[in-house]
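There are 2 protein chains.
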Amino acid sequence: MLQLIFTNRILATRYYTTVVATTQIQKEVSKLLELKTQLSDENVGSKKHLLKTPKGTRDYNPEQMALRLSVMDKIVSIFKKHGAESIDTPIFELKDVLTGKYGEDSKLIYDLKDQGGEILALRYDLTVPFARYLAMNKITNIKRYHIAKVYRRDNPAMTKGRYREFCQCDFDIAGQYDPMLPDSECLRIIYETLKSLDLESFNIKVNHRCLLDGIFAACGVPQEKFRNICSSVDKLDKTPWEEVRKEMTGEKELKESVADRIGTYVSQNGGKNLIEELRKNEELMKQPSAVQGLDAMELLWKYCELYQISDKVTFDLSLARGLDYYTGVIFEAVLTGDNVGVGSIAGGGRYDNLVGMFDVKNRNVPCVGMSLGIERIFSVLEMSIANRGKKTRTTEVEVYVATAQKNLHEERIRILTELWEANIKAEQSYKKNPKLLVQLQHCEDHGIPLAIIIGEGELKRGEVTLRTVKSREETTVPRENLVEELKNRISSLELSAEY
Amino acid sequence: MLQLIFTNRILATRYYTTVVATTQIQKEVSKLLELKTQLSDENVGSKKHLLKTPKGTRDYNPEQMALRLSVMDKIVSIFKKHGAESIDTPIFELKDVLTGKYGEDSKLIYDLKDQGGEILALRYDLTVPFARYLAMNKITNIKRYHIAKVYRRDNPAMTKGRYREFCQCDFDIAGQYDPMLPDSECLRIIYETLKSLDLESFNIKVNHRCLLDGIFAACGVPQEKFRNICSSVDKLDKTPWEEVRKEMTGEKELKESVADRIGTYVSQNGGKNLIEELRKNEELMKQPSAVQGLDAMELLWKYCELYQISDKVTFDLSLARGLDYYTGVIFEAVLTGDNVGVGSIAGGGRYDNLVGMFDVKNRNVPCVGMSLGIERIFSVLEMSIANRGKKTRTTEVEVYVATAQKNLHEERIRILTELWEANIKAEQSYKKNPKLLVQLQHCEDHGIPLAIIIGEGELKRGEVTLRTVKSREETTVPRENLVEELKNRISSLELSAEY
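Chains as they are written, first to last, in this note's numbering: chain A, 168 to 666; chain B, 168 to 666.
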């Protein structure tokens with residue numbers, strides 16, 4: 168029976184790898200295999216079912232975690248360079264907190280079972296809990312980052328890197344401040360982050376909700392359709408204009424002439440020149456919100472120049488952002504060059520009215536912030552490491568303590584204790600009498616740079632052998648100088664996270 | 168109407184602060200206020216309800232987060248010093264994975280709502296997901312740490328620091344190794360961790376499940392009652408022997424003479440001497456599992472001596488640990504001295520059969536590991552900081568860039584860009600023309616050590632003023648040497664997380 172189950176597991180796996188094939192025979196085979204799998208499932212009990220993570224989620228193995236943690240470290244150090252504090256909120260919120268914040272996407276919220284208490288749901292993003300936190304604690308200004316997991320009951324296309332549980336990495340500035348000062352710093356932070364991750368080829372698109380509103384008004388869009396048409400414009404990064412136009416004139420019932428006028432605007436992008444050009448557009452300049460938007464963009468551009476990032480910024484009229492809550496500048500970073508297909512890897516904008524939705528007196532706290540698409544960044548970096556034929560180190564061990572003969576494990580423990588006391592990262596085999604070859608192989612497999620080898624002869628002479636793992640060079644070191652010698656060696660090593 | 172709501176909020180708050188009062192009048196007033204609150208709730212809609220986190224959960228503010236992150240950093244650096252890798256698993260598991268692992272406590276599991284997919288539940292600890300991960304990926308050896316939140320639908324006594332969402336901090340070694348080598352390293356790690364957190368007064372109690380079984384057998388406990396009686400012994404850290412005895416002879420139907428014999432054993436603790444003493448006990452030595460347990464304890468003790476931690480370890484026969492899955496050595500660290508009432512702050516043991524519960528062929532992977540009671544550690548450290556009259560810095564800003572007159576904000580941005588490029592942690596006010604006093608006050612409030620002050624005169628002379636915030640000393644620095652001068656100053660500062 169166990170044999171049969173095991174066979175079925177292999178077949179079941181194979182089934183999932185062949186679904187891409189299209190011939191009729193393969194389809195029939197697949198169906199049969201599926202039936203067989205179901206049959207065996209019924210017979211086996213629950214053990215086999217257990218061996219998976221929930222749909223749309225995954226474990227992270229040590230290689231993945233090593234990369235993720237090092238990337239997060241870099242990002243956090245940039246957030247801290249800009250003086251950010253950190254907060255944390257519970258993974259679930261009262262359902263009411265989330266209701267009415269995400270529009271259509273509310274159906275993707277994970278509810279908790281009512282077990283005779285409050286009605287709870289897993290957080291969908293970090294922005295709404297942040298706004299709830301500000302309102303609840305009556306905080307009127309803060310600069311904070313928050314890196315944590317969020318949950319969306321999406322139908323994940325996992326090959327595209329979309330999961331139901333994924334990490335968000337947010338930085339926001341809340342407070343009543345002067346125009347564009349916090350906003351431009353957010354762009355500077357995106358710039359610094361992507362540079363620090365060696366993602367040099369990128370572009371930050373910027374736009375302004377007021378300008379978009381002005382354009383819609385100038386084109387003759389009825390005001391009640393602004394947000395709706397904004398959603399259509401938002402699709403332009405993935406969808407050609409012709410299809411977006413069809414949506415506007417079709418289900419969104421816009422006049423063809425109005426759609427065409429929108430089309431002439433949203434195809435434009437550039438830099439400072441575009442601002443000047445739009446200033447000359449008399450029809451647009453009749454719209455107060457367009458003037459307001461352009462003034463803001465001009466100031467933003469000036470600050471971007473001062474922050475020396477304007478060469479990476481594009482003023483793009485087709486940028487709209489999906490979320491309803493944005494009220495001012497909006498932005499989105501995309502990779503260019505080799506990684507052009509990856510899509511948006513950072514985005515954000517100003518949302519001045521969200522905190523007020525939680526306040527009894529509707530007191531608002533103006534906010535601007537950004538979210539790094541950290542999962543996409545991980546995928547890009549993982550691929551780049553693989554392409555370079557490198558491996559990520561999963562530990563930081565500097566010294567492996569090995570023995571060349573039997574029954575020397577107590578000496579290993581004595582040395583390890585000394586090394587740990589001296590803050591040297593060190594490990595040993597948990598076997599009493601491991602083979603020397605196995606121990607040295609472990610060092611090579613894990614990129615451990617140094618090994619100490621204890622032998623009976625050396626022990627008598629008060630010495631140990633110090634081996635450089637990569638070059639396989641060995642020298643003898645007096646036992647009493649060991650820690651000092653190791654410290655020197657370690658400080659001169661170029662410790663790399665890859666090998 | 169808004170006025171009324173606001174008044175009620177104040178009253179409602181006051182209601183919650185007066186519940187401790189006991190006079191009848193106060194009770195009646197409270198009842199009335201509660202009714203009034205309910206009335207206004209019905210009229211107001213949901214806004215007011217939103218302003219809380221779910222029962223048993225809390226937000227962490229920047230002060231709390233700064234402490235938590237610095238403590239976790241220290242702990243992780245110790246785990247890494249011992250060569251640990253990191254893994255991560257989803258926050259929820261298929262419900263079946265958790266079923267049948269926690270005994271009575273299974274009722275505390277948070278279920279997710281069935282929204283037409285899999286039946287899911289939030290993880291209850293990190294150990295069961297770890298075992299599932301090992302079995303699923305057929306991993307036979309790993310040394311890993313995992314710091315993450317877990318969920319228990321407990322009725323939290325929040326003043327005692329028990330929450331429904333809390334952080335666990337686990338280190339485990341899985342693999343078929345030689346006796347006590349991984350086990351003793353776990354104790355060494357607990358030792359190093361508590362030392363590094365300046366929690367010098369602690370004691371690590373150790374015991375062995377086999378020895379306990381041997382004692383129960385020697386005392387005449389029927390074998391089917393071993394685990395059940397073990398649970399009773401486990402209560403001895405909080406409950407006097409007389410009550411535990413009553414439970415044993417009462418609901419657990421043990422003979423009084425048997426309970427009394429158990430009592431003579433579990434009152435014993437000591438070091439190596441206790442091992443020797445128990446060896447002389449002929450009746451106990453007739454039990455093979457007692458001999459096995461004592462052999463293990465003897466070896467463990469030897470390794471503890473070699474690891475130079477035996478002065479912090481106590482062999483304690485009353486230590487039993489609640490969880491069923493332990494199969495060998497068990498341990499628990501408690502604070503002594505000033506923090507004696509805090510309870511257990513680390514615990515763990517060997518569990519050799521848990522992974523097998525997930526494997527189709529019941530293949531086991533022996534494991535030993537420990538969990539730091541990190542929430543209790545935070546509470547102790549928070550109190551200690553408060554007692555010393557210190558504040559925790561919530562940012563790491565090294566330099567604040569201030570202006571002394573109006574319209575110098577562009578110069579601030581230029582300088583900030585230079586500082587950030589040089590990796591100096593720096594910030595400014597987001598107001599165009601902030602008052603100098605407000606800017607300097609911000610530095611003092613946040614423990615920022617250095618400030619640059621830009622004035623019109625200095626600007627013309629190509630200079631800036633550099634101020635040491637604490638001493639309020641000011642010097643003039645040529646603008647072109649600014650970064651160099653700051654780097655020197657910063658490297659000579661003793662940057663502290665407290666001020």
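Just so you know, these hints were derived from the structure itself, not from any lab. There may be inaccurate statements among the hints.
[Unchecked claim] Straight-line alpha carbon distances no greater than 25 Å define the calculated DMTMM-like cross-link-like pairs of lysine to aspartate or glutamate that follow: (1) B:Lys316 / A:Glu611; (2) A:Lys469 / B:Glu285; (3) A:Lys557 / A:Glu611; (4) B:Lys222 / A:Glu420; (5) B:Lys247 / A:Glu585; (6) A:Lys247 / B:Asp519; (7) B:Lys262 / B:Asp321; (8) B:Lys598 / A:Asp226; (9) A:Lys316 / A:Asp345; (10) A:Lys219 / B:Glu651.
To see whether the hints hold, each was checked on the structure:
The suggested pairing of Lys316 of chain B with Glu611 of chain A is violated, with an alpha-carbon distance near 34 Å, which exceeds 25 Å. Annotation: proposed proximity of Lys469 of chain A to Glu285 of chain B is violated, straight-line Cα distance about 52 Å (limit 25 Å). For the given pair, Lys557 of chain A sits about 14 Å from Glu611 of chain A by alpha-carbon distance, which is consistent with the 25 Å threshold. A hinted pair counts as satisfied when its Cα atoms are at most 25 Å apart, and Lys222 of chain B with Glu420 of chain A does not qualify at roughly 47 Å.
A C-alpha spacing of about 16 Å is found between Lys247 of chain B and Glu585 of chain A, which places the hinted pair at or below 25 Å, so the restraint holds. Proximity of Lys247 of chain A to Asp519 of chain B is assessed by CA-CA distance (about 43 Å); at most 25 Å being required, the pair is judged violated. At roughly 18 Å between alpha-carbon atoms, Lys262 of chain B and Asp321 of chain B fall within 25 Å of each other, so this suggested pair holds. For the hint linking Lys598 of chain B to Asp226 of chain A, the alpha-carbon distance of about 45 Å lies beyond 25 Å, and the restraint is violated.
Only pairs whose Cα atoms come within 25 Å are accepted, and Lys316 of chain A paired with Asp345 of chain A is rejected, the gap being roughly 32 Å. A threshold of 25 Å between alpha carbons decides the hint, and for Lys219 of chain A with Glu651 of chain B the separation of about 55 Å lies outside it, so the pair is violated.
In summary, the structure is inconsistent with hints 1, 2, 4, 6, 8, 9 and 10 from the numbered list given earlier, while agreeing with the others.
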